[in-house]
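Peer 1: For reference, the chains in residue letters:
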Amino acid sequence: MTVQKIVVLDYGMGNLHSVASALKKVAPTDEVVLATTPEEAHGADRLIVPGVGAIRDCMEGFIRPGFVPLLNQCIEAGLPILGICVGMQIMMKRSEENNGVDCLGLFPQPVKFFGTDLQENGQRLKVPHMGWNQVQQKIDHPLWRDIENGSRFYFVHSYYVPAENNNAVAGETDYGVKFAAAVTRNNIFATQFHPEKSADAGMQLLKNFVGWNGAA
Amino acid sequence: MGLAKRIIPCLDVDAGRVVKGVNFVDIRDAGDPVEIARRYNEAGADEITFLDITATHEGRDTTLHTVEKMASQVFIPLTVGGGVREIQDIRNLLNAGADKTAINSAAVHNPDFVREAAERFGSQCIVVAIDAKQVGNDKEPKWEIFTHGGRKPTGIDAVEWAKKMDSYGAGEILLTSMDRDGTKNGFDLALTRAISDAVSVPVIASGGVGNLQHLADGVLKGGADAVLAASIFHFGEYTVGEAKAFMQQAGIEMRI
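The listed protein sequences derive, respectively, from chains U and A. The first sequence begins at 0 in numbering that gives the first Met the number 0 and counts up by one. The second sequence begins at 0 in numbering that gives the first Met the number 0 and counts up by one.
Okay, chain U solo, but in the shape it has when bound (with noise of 0.2 Å):
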């Protein structure tokens, strides 16, 4: 088996340790490369865009190394991308985060606030919405693979992607609102949640982003 070349984007924003030693979990013999600039990306088979924090620096810290052409060159090419949690949403139009900042736009969706009302039978719900919430996979995909549908992954977030109207959704959680707990568009997949935080059910879908051609 030939050698896989995984990067990760480092651009600043992000537990990147924990999605570094996941993959090497999950492919151990594989080379995983935290990526800071385009060139160390070069020759990458597969690119993972994590991201923790708020949108406007994630943002930020994504286009000033050059990442924005990478990515598109990347999506052109057809590579299997994952983007995780704010690595998720900076693929989004637009988010409400930080006073309103434009995205990636790659998929059409916006990034919504839950708000400090949010609610669900009558019970107030916390937000950030932390913790381990159930997911409904709403396609086939290769990335669900050996995954028990309405698994419980782990999120820690206070934005969101509506999952109505939204043709790309791959998942669905609820809380208070239903919203999009995976997108997918060719050869890109996003998650909302952190497989990398998220035990088996986690471990499975990096395993199976790992194996995937990038196709549908």
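Certain hints may be false.
[Unchecked claim] 16 Å max Cα-Cα, derived EDC-like pairs, lysine to aspartate or glutamate:
#1 24/U x 41/A
#2 23/U x 199/U
#3 177/U x 163/U
#4 19/A x 236/A
#5 24/U x 236/A
#6 132/A x 156/A
#7 23/U x 67/A
#8 220/A x 196/A
#9 125/U x 173/U
#10 206/U x 163/U
#11 24/U x 39/U
#12 125/U x 196/A
Treat the hints as calculated values from the structure; they're not laboratory data.
Chain A: place on chain U using the hints.
Peer 2: Below, chain A without anything else, positioned relative to chain U:
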């Protein structure tokens, strides 16, 4: 169906060794936090909290190394607290693989530290730890916060303080009752309820767990989003799995 309540085993670590004693069956080195965390991970714990009680600089470096090893083997969220005083402390812990850091005394000395930390790293990784003790009578209880491991009174009201920390960007509150800690008499439910109702962010109840009913009460009566316990798990009185099954039986949404 919805968001599950969390069970969080807590490890007290000094210079890279678990100090409160952990009594797992067939574990060769009961003081190794990495091995213990790995066990809890396998047992279905929802997160791990690692409380660093090290006082020396050398010990802190050991701690960072331990966090690093733990993060490479434990694929659930990891919170590290104890002695977090500066932005650089947070950066070091996050770089070592912590997902969240808990700030306690430093927040009381300088509340803006919490704001700055949340702006820099995002609220999701800033946990404010509050140690509270009841003052006044039982009819109209009030709680005061203490720092330095519960030794120093501050004169600050715990509910007001929790609200302030919420507004300063704390992503979560780790609430310990000084009165109950170590007693095995259960959480201070009135305190837990008062704080949980006062803030918009999740609250972790801590201090006093002696049995599984206490865990369930923390959620059902105290309104906690997560429950933290040390000794009942460490000494093998109950497994995380038993605790989860019990809480689910009590009607609480759990990740089984």
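Peer 1: All hints, please: hold or fail.
Peer 2: For each hint, the structure was consulted:
1. 24/U x 41/A: Given pair residue 24/U, residue 41/A holds - Cα atoms ~15 Å apart, limit 16 Å.
2. 23/U x 199/U: OK: residue 23/U and residue 199/U at ~15 Å, within 16 Å.
3. 177/U x 163/U: Distance ~7 Å between residue 177/U and residue 163/U Cα, so the pair holds.
4. 19/A x 236/A: Within the cut-off at roughly 15 Å; holds.
5. 24/U x 236/A: violated (32 Å)
6. 132/A x 156/A: holds (10 Å)
7. 23/U x 67/A: With a Cα-Cα distance of about 14 Å, the restraint between residue 23/U and residue 67/A holds, given a limit of 16 Å.
8. 220/A x 196/A: holds (12 Å)
9. 125/U x 173/U: This hinted pair holds, its Cα atoms lying about 13 Å apart.
10. 206/U x 163/U: Answer violated: residue 206/U to residue 163/U is near 29 Å, above 16 Å.
11. 24/U x 39/U: violated (22 Å)
12. 125/U x 196/A: Given pair residue 125/U, residue 196/A holds - Cα atoms ~10 Å apart, limit 16 Å.
Of the numbered hints given earlier, the model fails hints 5, 10, 11; all others are met.
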